[in-house]
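**Student:** The primary structure of each chain is shown beneath.
Protein chains: 2
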Amino acid sequence: MNTSEYSDFKAGLLDQVSVLRANIRSGTHTSTTSGTAHSLVQGNVVILPADWANDFLLYCQSNPVACPLIGVSQIGNPALPGLGRDLDIRTDIPEYQVFRNGERAETLTDIRDVWRNDFVTFVLGCSFSFEDALIRAGLSIRNVEHGQNVSMYRSGITTQSAGRFHGNMVVSMRPFKAADAIRAIQITTRLPNAHGAPVHIGDPALIGITDIHTPDFGDAVTIGSDELPVFWACGVTPQVALENARPPIAITHVPGKMLLTERLNEELAVL
Amino acid sequence: MNTSEYSDFKAGLLDQVSVLRANIRSGTHTSTTSGTAHSLVQGNVVILPADWANDFLLYCQSNPVACPLIGVSQIGNPALPGLGRDLDIRTDIPEYQVFRNGERAETLTDIRDVWRNDFVTFVLGCSFSFEDALIRAGLSIRNVEHGQNVSMYRSGITTQSAGRFHGNMVVSMRPFKAADAIRAIQITTRLPNAHGAPVHIGDPALIGITDIHTPDFGDAVTIGSDELPVFWACGVTPQVALENARPPIAITHVPGKMLLTERLNEELAVL
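Chains A and B, in that order, are what the protein sequence lines are.
So for the first sequence, this note's numbering puts the first residue at 1; every next one is plus one.
So for the second sequence, this note's numbering puts the first residue at 1; every next one is plus one.
These aren't lab readings, by the way, just hints derived from the structure by calculation.
Any given hint might turn out to be false.
Copies of one chain are not kept apart here, so a pair can be met inside one copy or by any two copies together.
Said to hold, decoys possible - With a straight-line Cα cutoff of 20 Å, these simulated EDC-like cross-link-like pairs (lysine to aspartate or glutamate) come out: (1) 10 with 145; (2) 10 with 262; (3) 177 with 8; (4) 10 with 267; (5) 177 with 203.
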């Protein structure tokens, strides 16, 4: 690829994300964003009142593997200019989960009616970025191959508490043969802003997962007898911390229905 | 460490290796070099008649993970100036294994009497370099902790044939808990000239090892129920290829009794 080809490539991606975003904004696209705009960074989202923002910022900084911060908004401003030219966080996610006092309340496809002038938006990197990198390296990802959402579990791994936020880590799991698992560790190490290297490999019970076939979020996938389950920290972890912190209101994306940004996955790589 | 401290550090290492080399040269030190001069590169050695050298060179280049070449001598010259100031390959290994027509024949502590003017020496990187890097990262290596030689196995992984050289890969195994195994994969990826990342992790049967408790070379180590066996390509692999190629004569080190060089392990790192 030469520089001119790169410009065309990036322009094509931005056109593609503009169409997708218009469909999400209008409520036409309400399903998972997995497999869409796959060269571009997708983000986990947490929206909180400003008086909860400092605690949450500290929680992210204390748990950078589960909560790699790639964007924070101004108070009350629904734009995220560092992540997209005309992003509006009130309309640009396929489906939102509202939490009230830590309980999962309504889901919405648009949060303009519940938006508040003291809301702060946090965007965290997402494993979809490293899935793209793994596929480009020739690896096959079971949930992508089968058109499923990734398997996610409430693990027994504790996170670092910060203010009112605390709880166990949510992990995503993808099965690989050993050689591919080793390659996946190498590739994801390059992408600390997309959760980086796995946190566990092998026996699920060692991280407190009693039934690998029943994920807490997403879909179950088959695991071959010659495969190892490989576990990454997951951006759903803050939703567990929200359940524990019980802010009067908080809004997140629905797992798998992410914010599409205009940043390239490759821009998140450290080497 | 500042530059002056680095100079002192390196001078100290060279003094240390000079003493060790003198003891090896005089036949006083005939045991494993594991745990000695641990900041310095140790090498696997294969010595062959010149008319076998081209095939072997191609074999190494075709199998760089098992056979990372870090030095090749001039024909008939026992010096290796790139690896040490006054190295003499005829005297500077604790114990040599002579192969005759592919069969393990005598072992010697000095090969001056069998040296030939057509011999070519090949030196390959060794896992002792990455053991040093793992220990510096705070990992505990079972065989080092217990003062044992590492466990090595004839695996079912085939190598790329080259001329008369062919055969399966020998692998070394170290058990780790999952998080340490992941860290070990990251660290050894930096050191491709010391075998680099593992070739397998988990079930030994998947790479043709039927009894993990009975290594083909080195010592058996305990593996905890919460640990995964992690397998790296091993510089003993060429000895299997020698058994198959059956050159009239070849000389190697005895596994675990390596050539001490004056190169720092850190000089082998790619990043």
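**Student:** Taking the earlier hints as the rules, which of them does this structure contradict?
**Tutor:** Violated: hints 1 and 3.
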